[in-house]
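Produce the complete structure using the sequences and hints provided.
Residue numbers (this note's numbering), protein chains in the order written: chain A, 1 to 410; chain B, 1 to 261; chain C, 1 to 301.
Errors might be hidden in some of the hints.
Unchecked claim - For lysine to aspartate or glutamate, the following EDC-like pairs were computed, each having C-alpha atoms within a straight-line distance of at most 20 Å: (1) A:398 <-> B:143; (2) B:241 <-> B:24; (3) A:6 <-> C:195; (4) B:241 <-> B:13; (5) B:253 <-> B:232; (6) B:70 <-> B:133; (7) B:208 <-> B:28; (8) B:77 <-> A:286; (9) C:94 <-> A:191; (10) A:398 <-> A:84; (11) C:175 <-> C:195; (12) B:60 <-> B:24; (13) B:208 <-> B:67; (14) B:77 <-> A:55; (15) C:90 <-> A:55; (16) A:398 <-> B:133; (17) A:6 <-> A:84; (18) C:94 <-> A:55; (19) C:90 <-> C:35; (20) C:185 <-> C:195; (21) B:241 <-> B:6; (22) A:398 <-> B:144; (23) A:398 <-> B:130; (24) B:60 <-> B:13; (25) B:77 <-> B:175; (26) B:77 <-> A:277; (27) C:196 <-> C:35; (28) B:208 <-> B:175; (29) B:208 <-> B:6; (30) B:208 <-> B:197; (31) B:241 <-> B:197; (32) A:398 <-> B:22; (33) B:60 <-> B:22; (34) B:208 <-> B:226; (35) A:398 <-> B:153.
Claimed, not checked - Residues on chain C that point at chain A, a partial pick, calculated with CB under 7 Å: (36) 122; (37) 221; (38) 286.
Quick caveat, the hints were computed from the structure, so don't treat them as lab data.
Yeah, the Cβ is synthetic: ideal placement off N, Cα and C, and Gly gets one too.
Single-letter residue listing:
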Amino acid sequence: MPRIAKALLCAVWFMLLTFPVMCIQVNSIDNSVHWHFERALWLGCGVFVLALLWDWCFARKAKGQPIISFGHGLTRLAANLRGDPRCRLGGLSLLAVGMLLMPLLSSIYQTNIMIAALLYVMLALGLNIVVGLAGQLVLGYVAFYAVGAYSYGLLHQFLGWGFWTCLPVGGLLAVLFGLALGFPVLRLRGDYLAIVTLGFGEIVRLTLLNWPSLTGGPAGISNIPRPGLFGMDMDINASTIYIYYLVLAAVVLTIVVISRLKNSRVGLALQALREDEIACEAMGIDITRVKLSAFALGSCWAGFAGVIFAAKTTYINPSSFGFMESAMILSMVVLGGMGSIAGVVIAAMILILAPEYLRAFSEYRMLIFGAIMVVMMIFRPQGLVSGERRRYSITALKGTASASGQGGQA
Amino acid sequence: MRPVLEVTGLSQDFGGLRALSDLDLRVDANEIVALIGPNGAGKTTFFNCVTGIYTPTEGKMWLHHADGGKTLLNGRKPHQITALGMARTFQNIRLFSNMTVLENVMTGRHCRTRAGILGALLRDPRTRREEQESIDQSYALLEELHLQHLWNDLACNLSYGAQRRLEIARALATEPQMLLLDEPAAGMNPQETNELEALVRHIRDTRKLSILLIEHDMSMVMSLSDRIYVMEYGSCIATGKPAEVRANPRVIKAYLGESDA
Amino acid sequence: MDIEFFVELFFGGLTRGSIYALIALGYTLVYGIIELINFAHGEVYMLGAFTALLVAGVLGVYGFPFGGILIVATLAAIVWCAAYGFTLEKVAYKPLRGAPRLSPLISAIGMSIFLQNYVLLAQTPDFVPFPYLLPEMPFLDDLAVLSPSNFLILMVSTVAMIVLALFIRYTRMGKAMRATAQNRKMALLLGINADKIISLTFIIGSSLAALGGVLIASHMQVINYNIGFLAGMKAFTAAVLGGIGSIPGAMVGGLVLGLAESFTTGYVSGNYEDILAFAILILILILRPDGILGKAKVQKV
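Here it is in structure tokens:
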């Protein structure tokens, strides 16, 4: 009962709180007011339910129970996919076949959406190196994406360079920008770093906007060619499918590189940096080098993704590289689970594909992204997928029962 | 005896506050030395200076090597000092909480291994060999500190005593010749303290390294240390063998107050 | 050099600067108490402008006397923003006390995005004209450099800042706030209710932001759902410039930033106005993160 009373109170509070913004619309041209009292009613009902849910979640959290339990079957499936190598191989090959056949079985429209989703997967995985592994909250990640896209656009426009030349050059330029940002911010604490990188991102965007002689200003650059394949002439459909496979390959490469990196000596150093900077230094790790490596690696992927993005859309302008884009990529990392590769891939796919396929939902996309960031931080800061742990084989334990690690928990 | 750590005239100012003033200290090879004194005497500040976290205002700090050479520690960064052979633990435990016990120790191997980003991506035989060695050495260290059954647990799930031991294991993984322990027995019960004492001795005897420890548990300090430095208000007020320090009137005054002297 | 142009830029800068200072106070107060960059603070300011717009619109349509509209709309904006600030803290930050340092910051970013889109969906994505609410001020006609809105902004923000300074300095609650900012644990031991103080901080900060929102909206005469981001970033720059956590610092920082922007726009080019703010932000954080009036802290190990 007290819970229901509390939820009712919340509902009334929020109805009053949101009353002006939700219920009043003023038309200044014909000087009239439209009242939307029905919105207050809907909102009140919604808040009532959410307040009960919120309370319930807190109770679960206080008792240490998981808030989302995926049901027995799904948990077992996940455990099998992780633990049983045959099951894992089966799952992966099923996924691989699905992804390979996708553009052949569906329309160009669907393929285009998938390309966008895969590009975000790439970006989210890149940001995951910096934020998830190394614990450096970067809010201007999209700046490196812009560097990649504009380096292709500009190098093509002024020097006539092609896609395949620009791909490594774009990555390299993004790395240089990453290092240029990384050097001065080495000493900064977490929240200051976040703000400085946000400022950096905005400066890059504003520069692109206010330098029309070079960047085309708000109009951007158009007529960027799609990538070629041994000089073959491709129509737009073939070219889209070609880009799809290109992005898919890039994503696979990204996953391989990042999972290898994560489990390496450098990866351990990155994670140690995230956990405790002072202890990390005391372990003989040069944090300057580690931080710069994190920046370089992260921005490199954004650069690649940027070049591919420019090639895919054939037209770029500064409005694709605003803070909201950075925030969206960050919310994928947060939802997926900091440092978790599978989680970030799943989260990026959900966050891009869900609004595309659930049309009713698409207006609310950014609203939901914002809410996800808050709710995840409060109830499941480790993200959807956590406890991805590497298996180590210890020579001294070979042949005994616990030869390999028991794996992590979901 | 050959010195390992030699500090002369060390002072550290924070704004107008002098946290360390004109401190001289020396630790010889294979020696266990304790640094004691009331809270706020500057003991941890001293550790922070020696390990490069703070930059001392005045004074010189030298680390002597087995081959007779010595390195000036002033102006070096923490990771360089660790690489030179000085490792430490922290008063308020600073483990990598969301990494496993084994990974914590492997992180300590960082400055003794070489693989870079390229090696990580290619996983060439040399990288793999180095990694396997690092895993096995880390596991052996865990066995030595009786943590081997916990190797795949997250560090944050360990008991307090186990966390303290893991910090020591992680420090040992850097292959130090000089080990600094900041209140290793804090929060331990008498039995755990006894075990720790045996462990510290075992570490010194098997590895022939020197240990400098800050500790408040007097019975442990008295039976474990070869020599003791007593600090008060940032300066050293007494030094010597445990029996001498115990009898020193200034020490008794600092610890027990005027009337009991 | 044209002295009249200079004076105009100077007053323009002061006007902007005092708005930045009003919003910056909210960042600084919150940072002083819970060491959180309240990223959604700019959104509270935007909500203040919208609330005032809507209330003024309703009053105007139903024939409320003109002179009273500004006052009622401002009061409504303050009340509602205080409530928004209070709710924001309870929903998004309070559950994260004691969480790792970056968690509340990410939550704050989430809240900022949420609030922007809440206004976008409930109202409009377009720019809306803000009604002209200011009374006639004939005595200003002699001073050609100072428009009524400039004059009002300067007066109101000066008064608000004096009131705040007196409140912090002399009232019981103000003293409790200062104590909590210095040492939260000690304040708790002395029987200060930290939750209450934190709520109060959000309420005060949000009210000041609301005031800033109404003033700037009546000056610029056009608003949209997105104004909070840039204004918030600039106010944060002002707070950092003055030394985050320091109340006089926020005021000084706001004025310095406002003047710098105004003179750059006047003598160099308007294109670089926003870049300038971000560049100052980055340079200050890198070169002197404690700001002009802040004190350096020793890192605890």
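Would you pick out the hints that fail for this structure and give their numbers low to high? Those not satisfied are hints 4, 6, 14, 17, 32, 37.
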